[in-house]
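Asker: All chains should be modelled from the sequences, with the hints used to inform the complete structure.
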Amino acid sequence: MTDTIIIEVVNQKGVREKIKVPVTDKETAYLKTLPMEKRQEIVKMLVWRHYNETEDKDN
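For the sequence shown, the working numbering assigns the number 77 to the initial residue and increments by one for each residue that follows.
It is worth saying that the hints were derived from the structure and are not from the lab. You may find that some hints are simply not true.
[As the list claims (entries may be wrong)] Simulated DEER-style distance windows between Cβ atoms:
#1 Thr109 - Thr80: 27 to 33 Å
#2 Arg125 - Ala105: 16 to 22 Å
#3 Val86 - Glu113: 33 to 39 Å
[Claimed, not checked] Dumping the calculated DMTMM-like pairs for lysine to aspartate or glutamate here, alpha-carbon to alpha-carbon at most 20 Å:
#4 Lys114 - Glu84
#5 Lys108 - Glu131
#6 Lys114 - Glu103
#7 Lys114 - Glu131
#8 Lys94 - Glu84
Every residue, glycine too, gets a C-beta built ideally from N, C-alpha and C.
Answerer: Printed below as a string of structure tokens:
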């Protein structure tokens, strides 16, 4: 099953937006076990992945 994490970010234009990032139940459970610093690193990677996938769809 897939969950969605909603992350509030400031996009490249300087505008705040909320993005929805699909994650598996396993990924959600794993995130809950991590310390905050590690979660933040993973969230940065998820945001990066989201924007790269969005760019690929636009091209």
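Asker: Each hint needs a verdict: does it hold in this structure or not?
Answerer: Going down the list of hints, with the structure as the test:
At roughly 19 Å, the beta carbons of Thr109 and Thr80 sit outside the given window of 27 to 33 Å. At about 19 Å, the beta-carbon gap between Arg125 and Ala105 stays in the expected band of 16 to 22 Å. Under the hint 33 to 39 Å, the C-beta atoms of Val86 and Glu113, about 20 Å apart, miss the expected range. With a C-alpha separation of about 18 Å, the suggested pair Lys114 and Glu84 falls inside the 20 Å cut-off, and the hint holds.
With a C-alpha separation of about 29 Å, the suggested pairing of Lys108 with Glu131 is violated against the 20 Å cut-off. Distance hint between Lys114 and Glu103 is fulfilled; the C-alpha atoms sit about 13 Å from each other, no more than 20 Å. Distance restraint check for Lys114 and Glu131: the Cα-Cα separation of roughly 26 Å exceeds the 20 Å cut-off, and the hinted pair is therefore not satisfied. Between Lys94 and Glu84 the alpha-carbon distance is near 4 Å, which keeps this suggested pair within the 20 Å criterion.
Hint violations for this structure: numbers 1, 3, 5, 7, all remaining hints satisfied.
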